[in-house]
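Here is what each chain is made of, one letter per residue.
Number of protein chains: 4
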Amino acid sequence: MGTETSGRQSDGGPDSELVAFRRDLHRHPEPAWCEFYTTARIVAELERRDLDAIHLGETIHGGQRRGVPEAETLAEWRDRALEAGADPDVIAEIGEGYTGAVAVAERGDGPVVGLRVDIDALPITESTTDDHVPAAEGFRSENEGYMHACGHDAHATFGLGVIDRVLDSGFDGTLKLFFQPGEEQVVGAEPMVASGLLDDVEYLFAAHVGLDHPTGEVIGGMDGFLAVSHLRADFAGEPSHAGGHPEQGRNAVQAAATAIQNLYAIPRHADGATRVNAGIVGGGTGTNIIPEEAFIEGEVRGETTALMEYTDEKAETVLQAAADMHEVDVETTRAGRAPSAESDQALVELVTETAAGVGVDSVVERDELGGSEDATYMMRAVQENGGLATYVGVGTDHPGGHHTATFDVAEASLDVGVDVLSEAVLRTAADPPVAE
Amino acid sequence: MGTETSGRQSDGGPDSELVAFRRDLHRHPEPAWCEFYTTARIVAELERRDLDAIHLGETIHGGQRRGVPEAETLAEWRDRALEAGADPDVIAEIGEGYTGAVAVAERGDGPVVGLRVDIDALPITESTTDDHVPAAEGFRSENEGYMHACGHDAHATFGLGVIDRVLDSGFDGTLKLFFQPGEEQVVGAEPMVASGLLDDVEYLFAAHVGLDHPTGEVIGGMDGFLAVSHLRADFAGEPSHAGGHPEQGRNAVQAAATAIQNLYAIPRHADGATRVNAGIVGGGTGTNIIPEEAFIEGEVRGETTALMEYTDEKAETVLQAAADMHEVDVETTRAGRAPSAESDQALVELVTETAAGVGVDSVVERDELGGSEDATYMMRAVQENGGLATYVGVGTDHPGGHHTATFDVAEASLDVGVDVLSEAVLRTAADPPVAE
Amino acid sequence: MGTETSGRQSDGGPDSELVAFRRDLHRHPEPAWCEFYTTARIVAELERRDLDAIHLGETIHGGQRRGVPEAETLAEWRDRALEAGADPDVIAEIGEGYTGAVAVAERGDGPVVGLRVDIDALPITESTTDDHVPAAEGFRSENEGYMHACGHDAHATFGLGVIDRVLDSGFDGTLKLFFQPGEEQVVGAEPMVASGLLDDVEYLFAAHVGLDHPTGEVIGGMDGFLAVSHLRADFAGEPSHAGGHPEQGRNAVQAAATAIQNLYAIPRHADGATRVNAGIVGGGTGTNIIPEEAFIEGEVRGETTALMEYTDEKAETVLQAAADMHEVDVETTRAGRAPSAESDQALVELVTETAAGVGVDSVVERDELGGSEDATYMMRAVQENGGLATYVGVGTDHPGGHHTATFDVAEASLDVGVDVLSEAVLRTAADPPVAE
Amino acid sequence: MGTETSGRQSDGGPDSELVAFRRDLHRHPEPAWCEFYTTARIVAELERRDLDAIHLGETIHGGQRRGVPEAETLAEWRDRALEAGADPDVIAEIGEGYTGAVAVAERGDGPVVGLRVDIDALPITESTTDDHVPAAEGFRSENEGYMHACGHDAHATFGLGVIDRVLDSGFDGTLKLFFQPGEEQVVGAEPMVASGLLDDVEYLFAAHVGLDHPTGEVIGGMDGFLAVSHLRADFAGEPSHAGGHPEQGRNAVQAAATAIQNLYAIPRHADGATRVNAGIVGGGTGTNIIPEEAFIEGEVRGETTALMEYTDEKAETVLQAAADMHEVDVETTRAGRAPSAESDQALVELVTETAAGVGVDSVVERDELGGSEDATYMMRAVQENGGLATYVGVGTDHPGGHHTATFDVAEASLDVGVDVLSEAVLRTAADPPVAE
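Protein chains in written order, with our numbering: chain A, 1278 to 1713; chain B, 1278 to 1713; chain C, 1278 to 1713; chain D, 1278 to 1713.
For reference, chain A alone in the conformation it holds in the complex (with noise of 0.2 Å):
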């Protein structure tokens, strides 16, 4: 992706090579720390780019990971890669799947400003049907049962996109492109800000298309980020001849399906949403046989760090009750988080500014996420640091919504990403805001 190339051609259709690259992410959709193929793609193309850094492996991830596959399923995945086309020298350097690249270019004298997309993908069947896109243009998703649902390959070109054209601006300051893995399942934040890459960027923009917001718009800053835990729960009881001896066992998958009914049932909050699901449950060896093993995957949220903790509270009383009904044991154990946080309202009036600027069919100043997300893990740690940040909307229409098979981002969002996220840093650079 040279210079020649980037940025919005003259007939307004999207950049190509953006798309390309885009099309190729979205043929291989990886999930958390399994990003091997997505994060040698990203490097070959930063090692084509003028940067000062370019951070892989280990050293971009601090303290300890949080649900990371067994060596098996990294292995499958990682040959996976290979297999693709993945550059060994990076699978190497990515290893135990320390997935995921932070790209520096220093310019100047002027301010540190962060850019942080994230790159996972989504363990869902991508549809085969003739309206949906990939699956009639030839890039639907090569790794079955896996998909980019969510946008996050769109994300990944905002990025590529981004630094082709901050360069090529006289950008005055330190641009910082953080390409994270894990956010489906809120695990590659925190290690990232953990690695200490974060601690002098004094802005820090995130990105995410759709939303429910068609192309063409652009939203200044996200709130309404719910906090959110993951948790695991693992019951063991005992097996036995179920025809036979039934009163011998002790049954984990009844002490399952009595969490699942109540979990659900943790009493609303009135301080506002909370939310529970019991995502990916199994359980149980044979049909004869009194079930031994059960476990539950799931997550709790909450619109505040409080609320999703109080959710997580009575979650962790839900599933010690159930194994005690059960005479089963139960051991829970926590996976990725993230907290609540909020956009700083002097970056979001900068955004809204540049979004008018570059000509975008219609800006929005805020507006509610209701989901989770862990790019609140780096938001937070630059306003703790007395930065600003904000997490901007993207537009684009998507047929399908998030999450599901027919999800699909409308390619001319594209370019939309690319003008206002260069703009809004080269701006900030130029000018850079203070908090209100």
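Mixed in with the good hints there might be a few duds.
Computed beta-carbon distance windows for the label pairs [stated by the list, open to error]:
id	chain 1	residue 1	chain 2	residue 2	range
1	C	Q1525	A	E1661	30 to 36 Å
2	C	T1405	D	A1348	16 to 22 Å
3	A	G1415	B	T1350	27 to 33 Å
Some chain C residues flagged as far from chain B (calculated, every beta-carbon gap over 12 Å) [to be verified]:
id	residue
4	G1422
5	A1583
6	R1611
To be clear, the hints were calculated from the coordinates, so they are not data collected in a lab.
Because the structure is a prediction, the values reported are computed rather than measured.
A virtual CB, placed ideally from N, CA and C, is assigned to each residue, including glycine.
Assemble the complex: chain A is given as a structure, and chains B, C and D must be docked to it using the hints.
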């Protein structure tokens, strides 16, 4: 296993060739319709013996086989069997899982006497502790996650031993030996009956080790077979973002949990014992996605076929209502199925007298199984044709219960089983009993 | 009821005085410990007979009585009895619900023979339809909401009829007639045994009408009594405004609902039948208040006392875990309780021979009750003292099942019961049987 | 309550006559449609004042009244009111529970200004501890099991106080005072609106004490009313003997328990808060009878009327499916119902300015109620006719939360409420605000 080594050894220890054979099967446990290695190993032994026919493959399975795994799973087991040294010709004949074998020896004008043994294993991970003999003596399961936890390795061994002893002893009649697959999922007997190979059998013995009776004890006839029906329910809902739009999902896991709770709560019945088990369950795709799919694989049982059907109908009602409650669809399918049955008194007495005659430690006339068995299909088929049938118990000390990770067979009981069953076959041919 | 009218009538129709008495009791059904009218009515009859003792009130109840209603409820039933014409002296002696009576007649040196009949009714609203005889013939329940739906009105009538016939027939021995309260809640027999009045009883007959046997059929001994324990769980949480602060409540109704679902799902047992019932439940104070309290009154049963205790322990676990799950407190109390028991063969045979002798239509040696009965306390007490006991079935055509609104007794069975039971008492005294 | 005592006392203590009146009502709490004593007591006061009309009985209730208790219950409350000294003429006019009153004073050509106060109580047993002022000072509830636990005794007192003050102060306009019954069950406002008595009201004030605001604080307008719908489900199954024939019953309690668990688990909604409560439940007739009937009385709420209806539809689905699951019938009926509403800014500002003017400790412009209120029917009716409405909060220190046994009102807030509300009425008449 040549003529010279069969029969009880002078030192009273178990026949070393029978032991070796049983241990080989024990190392290669295979589930229903996947008994490739087991079948090939049995056939290799049969071919060394003087038999009139060895039936294999499709010819021994009439009608439709229930619960056959997908082609990919069959292929995995097939490959594993070939790697373990199974005869490729036999494997080819088994094809898409037409496992099992029927051996026939015609020796004069006497009656047709059948013996049925089952050969499949269970999805249980075998114990690795030192006090578990197969682990300590090196014949623990090599198919990790599967185990002969119900003694079918011993049953197949009984079959071979009985052939040797009967053919060696001036038997006047026709012996038919049924090595039946898929008992644990109660799917193997029904198609074997439908093949017609049982039509001429006048007397049928089936046998089982253990059942909480010690080594050296023999039970003339087991009763109390619970009729059983395996069922699978697939719930199909609609996914949605668990944080952003919980109300847009239709939650298949909630439906399954509601069903599980109510399945176990189906009313008990005045007419006798009933059972329900939700043995294997699963659902969902991601922690942050409202689960769009879930399944329950389970079974219902009854002391009589009517009681099983009562429970089955209630289960159907529960599954449908649970789906309706959460606005998801459900499809239920029935897999294996077996009726109840009773042992015939004339044959029970023949066995108890035989057992007393060969000098076992203890003889019990009848006991209750309290479980299910698709041997009942064969028993009923023979009885409906005017023949007699019994289900013989051969005691064995077993450290862990049936269907647990520490189940094992005392090998001294191998000879006991062969002694009693072969002698019973010979007596039946010599002096055919009549129904009382 | 004088000598001149007792005994079977020449025309074969039922004894008109017995019928009148039974109908009077039928019109005044009373639940456990509230049998004020019933007791007074029985005592009025007893006083007209030549008895040596009529025991009443506290003296017939040793130890602690379970399940006694609150003083207010007792007072209501007491007033109702007085209004219906009960003798105030008897009512005074009954006091705080010490209902029931024991009549004694000593007639020589023969053995002490006991007959136990129960006298209480059920909280069922009696049918008003024309095909329900009590409604059509004007003796339907006058205590709306309560009904003799299990034939205890007939049992009390048997008691009177037997006294008349036995005393009229040269009986040599001591007759003890136990009119026992509170059988339906299995609370009446235990204190009566504790009073010591049964200590000298050498032979005990108990009797029940119906049980799905037709008029004119007699069963020598019932078995298959399920051991039973009644329990009550009181959940205590915390109320809160259901709209304003749902999270501040601790929801006792959710706890109870969770418990109910899991109580019915307690694993079935290989050793025999078990039962669970959450028979009466309630909770909450207002639609807009998170429910702070709830209760479950129920019972567990088992084919043996051990099976009942197994189920009772599981129930305790379920109730406690359900409370923990919703962070409420629970207190469980046990009310009535009865063990299993068996009828003695020697007495069973005496009854069947007697029944054949008096010319009933049909005689059955033994049958299974499949329910519970606290007569078992008395049977066990006599048996533990070296005596013999049997529980006699007296068939009666009953249109509706036991414990339903259309249950009724064919009055022709009153004489059958009196004939068989009185004759059995006389035979026992004349030729005391010994245990086999 | 004469002119000489109304108004704030010079010593700053609460008006003694208002206090006495409030305490009298507090001693006689009555639930919806049973406010016989309360109505009579209010009317007695109204009759001592110079009013143009006092409307009573059927004329103040148009359309159908929901949730009216059975005649027997009404009769009990009527008798209790008469015993407590209620005027028999008023009681006669109230008839079958047509409780409440509307007072009218016409004083010139100014606008019609309405004030709505509610007068009913809750089924809560009042605290007896010494630190509960009504218990300590002798005006605890005399209707055991019922309690003014939401301050409606204070509201009715506000009404009287406002009449006195307004009529005393040269008011130019028409004052309509609505003493509304049945707010707690949200049944009283709808028929009052249907009576037409609100049709000419141009400005409406409603008021509530407490709401977690301290004594001396006033809130100009409450918002965040949850729309609400009360519902009742009656399950009808079939009884059977729980020991003898559990399979013959159709268990209504199991159906209700399944419903309760799933009601609380209705999916949360992205658009805003929802609530569900199974507030009162019951079922069954005897511990040894499979329960033939059960009921749930509950409510659903939503931040908007649409969200309430979403939840209501889900509840309907759950109730029907729970019935189907246990093969019982269910009938659902809707009782009280109220929409959401918003306070008008012009009136909110008038109140806050008024409050500041009369010197309260603290003024809050708006707050969220987070509960339901059928005052919204009246507010919407006035607003739809082009008028303005606001729901004023009058803070009061309350030891226990609303709807708890230790709730109480600081009597100093009585004068605050009267001051602010009467002054607001006067200002409105003097200088009628217009919508912004």
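We went through each hint and held it up to the structure:
1. C:Q1525 - A:E1661: 30 to 36 Å: holds, 32 Å
2. C:T1405 - D:A1348: 16 to 22 Å: holds, 21 Å
3. A:G1415 - B:T1350: 27 to 33 Å: holds, 31 Å
4. G1422: holds, 26 Å
5. A1583: Holds, because the least Cβ-Cβ distance between A1583 (chain C) and chain B comes to about 16 Å, which exceeds 12 Å.
6. R1611: holds, 21 Å
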